[in-house]
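A.B. asks: Using the sequences and the hints given, assemble the complete structure.
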Amino acid sequence: MNNSQNIIARSATTTTPPQVRSHVDEVAKLIDVSKCIGCKACQVACMEWNDLRDDVGECHGTYDNPTDLTANSWTVMRFSEHETQEGNLEWLIRKDGCMHCAEPGCLTACPAPGAIVQYANGIVDFNSEHCIGCGYCITGCPFDIPRISAKDQKSYKCTLCSDRVNAGMEPACVKTCPTNCIEFGTKEDMLARAEKRVGDLKALGFRDAGIYDPAGVGGTHVMYVLHHANDPNRYSGLPKDPRISPLVGAWKGATKPIMSAIIGITAFAGVIHYMTKGPKEEPEEQAEHGQDDVPPPHSLGYDATRPRGEDR
Amino acid sequence: MTNHWVDIRNANLILSMGGNSAEAHPVGFRWVTEAIEHNKAELITIDPRFTRTSAVAQDKAFIRTGTDIAFLGGLISYLIETDQIQREYVLNYTDAALIVREDYGFEDGLFSGYDESTRSYDKQSWMYEMGDDGFVRRDESLQDPRCVYQLLREHYSRYTPDMVSSITGITVDDIQRIWKKIAAMAVPGKTMTILYALGWTQHSTGSQIIRNAAMVQLLLGNMGMPGGGVNALRGHSNIQGLTDLGLLSQLLPGYMTLANAKEQDYRAYIDKRTKQPTVEGQVSYWKNYEKFHVSLMKAWYGDAANEGNNWCFDWLPKLERPLYDILDTFERMSKGELNGYFCQGFNPLASFPDRAKVTRALSSLKYLVVMDPLNTETSEFWRNYGEYNDVDSSQIDTEVFRLPTCCFAEDEGSIVNSARWLQWHWSAAPPPGDARPDTRIMGELFLKLKRLYQEEGGVFADPILNLTWDYRIPDDPKADELAREFNGRALEDLTDEQGNVTRRAGEQLAGFAELTADGRTAAGCWIFTGCWTEAGNQMANRDNSDPYGTGNTLGWAWAWPMNRRILYNRASADVQGRPWGPDKAFVWWDGEQGAWVGADVPDFPTNSPPSQGQMPFIMQPEGVGHLFAGQSMVDGPFPEHYEPFESPVSQNLLHPGKEKARNNPAARIFDEDREALGKPEEFPHAATTYRLTEHFHFWTKHAELNAIVQPQQFVEIGEALADEIGIAAGDWVKVSSKRGFIKAVAVVTKRLRPMMIGDKQVHHVGIPLHWGFTGVAKKGYLVNALTPFVGDANTQTPEYKSFTVRVDKV
Amino acid sequence: MKMPRDRLIRYSPLDRANHWTMAMVFVLLALSGLAFFHPAFFFLSHTLGGPVWARILHPFLGVVLVLLFYAMAARHVRRNLLGENDVQWARQIGDVLDNRDDKLPPIGKYNPGQKLVYWSLVVSIALLLFSGVIMWRPWFAGFFPIPLIRFASLLHAVSAFVAIVTIVVHVYAAIWVKGSIRSMTRGWVTRAWARHHHGLWAREQEEAQRREQQP
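Chains as they are written, first to last, in our numbering: chain B, 199 to 510; chain A, 1412 to 2221; chain F, 22 to 236.
Hints are not guaranteed to be accurate.
[What the hints assert, rightly or not] Computed footprint of chain B on chain F, listed as stretches where at least three residues anywhere in the stretch have a Cβ under 8 Å from a Cβ of chain B: (1) 48-59; (2) 117-131; (3) 138-149; (4) 155-169; (5) 173-179; (6) 182-190; (7) 211-218.
Just so you know, these hints were derived from the structure itself, not from any lab. Where a beta carbon is used, it is the ideal one built from N, C-alpha and C, also for glycine.
C.D. replies: Right, dumping it as structure tokens:
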């Protein structure tokens, strides 16, 4: 499904990535929120496979624990209690983590060449070896996913178990999910699966059921099936129309070459100016004047006694 | 489980009640989500809380804890009154038509035969009326007022929707909507499965709640059916194996029972348990009791057991008390009647009710031996852990020995799952440090005891000196040796009626039909016979092929009895032996072959044609399912709603003013413990304890990963109650019962709502129980500081699910 | 030290030390900053010992620059206000660029071009400071909402661009106007230079000298 050299996008890189391997299917993880029981097995599987151990924290009055993504928690369950207009209670449980955007904001923002790569199969992966810890990925991400470790100042997030996928296996969370709420396959298959599930949910009366595969980031390689796709925000703040912020676009987009060019042009203009107009030479001293006797400057401010540059 | 995990996917309706299947059994819950998606099944949860199961359920109702019988009883009345029962099934496969004795009755909340002084029933009157032919009388028209059907109808006629609503707190609308959905499963081709767990078991009426569910399933024709059944989701991975092997004080392996002190005569003991058919021509499989018993005694005592000494019957203990259960044992321990206690794979300080009493009891021992892989609270009960275990160590003389055992993954053997599958597993890693398998510790201990008896003699040494102990390494019996022993073997050549040898001496038996009552066979647990045959270890089978597409994978592991996956599966076919519906074909009669065939091993005599009239419930003397439990229950032939011993409601609304019928009249409660029950005025809120998916009991707080995902003790409180006491999510609260208190973080939630019980508003307080003072998670209070010391009348399972508390802001 | 009579002191030793320290710091900041700004400049991160060190040191150097710059800027603020003939000088920018200095009016210590550099840096370095703090990981960024960090990041880039362009102009002007570099290395300019480029300032200095010599 993948090859670790098959990188189609690479952070802070302006040249063409490897393009030869053309027969690569995009993969996707499909999270069917309507089947999630919030058991956190995916969290534990993630920690086990990736050798992560977060701190033993505290209860803050919710089921969420750890309460947020950290450098050691690449996925967390977010629980939200929502009362519908009809007065029905819904306990919406969403597995949060990297969405593996087709147009990843983190990769766009990253200044370190190769610290973030996107494989041909769609996985967006962080290469800690090249990470410089600047946090631009956090700034660039529309989903608030990457976290910098206090231990090593490197940025971390879900890799979609790129190592497992490389070896033809599914991500650890998918493997462990007891209810098949998380599935994995080609993006095409997962979309078909999602369509089917949306149909099931609509049949159950969820008129607004839909697929969360936001076009604003070019689609994602982690998708949700939501019972209320019209209001993703109700699932613990899933953004309705995520896209790379225009600020980030301006910062990392056209401004970079334009400003770089202007700096270069400015310097070059100096060179041209120097060559065409020459320097303002040092004015020569007028030895005839008494050393202590400095004549008053010309009333107009023009010192007619001194040679002018153009007189050279 | 009468059925099995994978079979849940065949259900059309899933009732999750008395359990939070998604929370406590997330892996098995896969089959629920399969049923919802692929079988278009509906999932209904009925629970005091909006649970993780409710989060994916299509319908839900919120019930006051401990009132499930009111709901189910009302459902039975609804099914009967609206004639939504599977009539052919009920008529033929249940005792609905059987006539009950004239002197059976029910008045003021008490069944006939009650003796208040002993808090027990004389069950003489709870019997079927026998005809002159020696068989039970019946009325096929179901019109006789003494037939079970009419008695059942009358009994539950009091359970009107309004009455059910005022007891349970569920609105009449919710009740009727859900009853209607359940009633739709009475159609022959539709089935409902019921998933329950400790939410039904741990009540003073626990056994009766489960029976009530079984009665519903009989009326709907859902027993023995794919996608049906009453399915206990067992809590420990091998707790099913524990009961199968008779590790309860009154049991012998394979659900045989110990004699009580009055039963000193071997023949009388056997005759009482050898159930002859009470309806003509029925199988009544317990008629083979002696074969199972003698084979067990041969397995235990070998040549020492012979006909002349009644197969060593005198060596078996005889019960002086009805039960030597945990509540009884700790009651006696607390009175100084026990010197020593072996605690194996158990954490009584955390697991038993009324923790203060348990501490008192353990403190009065001379020695305590704890065999456990973990450093349990029980093994540290004497050590002061500040507020979490505030004891004065200097006042405790109990000597504690800790013997580290291995975890399941460090040892090989079989684990019996909820579905009665014996699945063999292999050791994944060697045990750490000095940890040893339990069997080795027991082996060494036994041999040491035996040596002491040999050298020094002692009172009644025979059972120890003669116990069969022929393991390869005597102090380290291996799992394969034990499994072979449970399966059993022929001690002499077995022959058929023509005298042909069917089994050579020394060979493993293929099934319990080979067992004999004359000492020629030995089997350590008759229901396991077939698990390790001459063909090898059947439990290690790993073929998941599913030829009928029913999810019945006979080649995967091995299920007792005889690899049958759905009990009483003959009931999946109608009287003529045809499947009830095209989707529900499972086991049927093939006239050409002259045999029962299908996806499962028939739980029935294979060649008994439908015309012979043998009925599916082969373990019952009548051959039918019991709507009327004449002899199996101690607290009534029909389940009746009684309030929990601690209840926010001061009377049983079915029997107002009848104090005797407020709580289960046959439940045992010690005087001192009755004094320790709280009154609603002082402890107004209904409380219930439960488990969380992130943890397993008191074990996983020792595991870092589990501690990370659920680190700290909390209690769940509804928003309304939180407003009343002025707390927000994350604040600390003190929860107190009359017996003790805990402090924990409050999870304030919309998922707990106040409910109206009569004119009283009742709040529930949810108390997860996983924390303690050892392990890597944050330290917490043992919640059994709160729970009452009273149990179910039949099993003495403590009433952990219903008691009362007060909540204060800390 | 006694200054020869044909020279005027333009920059004190402290000013010069400050300037060159700033210059070095600015160059390091600009190079490391550019490294994060565009992949083409990433190799420049090695000027601070590699990209990670560049990420670590850049903000601290920024703080050094801020301290040095505003210490200096505060002392020179008066000389950088709009002065006599500044407007006229600016109108004749064509003459300035064409080196037709004789047509220009005499101006104070700093000509409008220099003042523009001054104010451009005063503003851009302030913006760099504020936006830089908001972006600064691991110390401060965590306290700010991500949308603000995004805005700060863009602002930081734009401000840095302004500052760099300003400095490029500044450096070129120093190369272009002979004698300027010496004034910042040795501290003095010739009277002729002063009279030529900063007539008003030269007169002011010479009058001050005369007053000193006439007790």
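A.B. asks: Hint by hint, say whether it matches the structure.
C.D. replies: Verification of the supplied hints:
1. With 5 residues bearing a CB less than 8 Å from a CB of chain B, the region 48-59 of chain F meets the requirement of three and the coverage assertion stands.
2. Here the region 117-131 of chain F counts 8 residues with a CB under 8 Å from a CB of chain B, which clears the bar of 3, and the coverage holds.
3. With 0 residues having a beta carbon nearer than 8 Å to a beta carbon of chain B, the region 138-149 of chain F misses the requirement of three or more and the stated coverage is violated.
4. Here the region 155-169 of chain F counts 6 residues with a CB under 8 Å from a CB of chain B, which clears the bar of 3, and the coverage holds.
5. With 4 residues having a Cβ less than 8 Å from any Cβ of chain B, the region 173-179 of chain F passes the three-residue criterion, so the hint holds.
6. For the region 182-190 of chain F, the assignment as covered by chain B holds, since 5 residues bring a beta-carbon within under 8 Å of that chain's beta-carbons and 3 suffice.
7. Check result for the region 211-218 of chain F against chain B: holds, 7 residues qualifying (beta carbon to beta carbon below 8 Å, three or more required).
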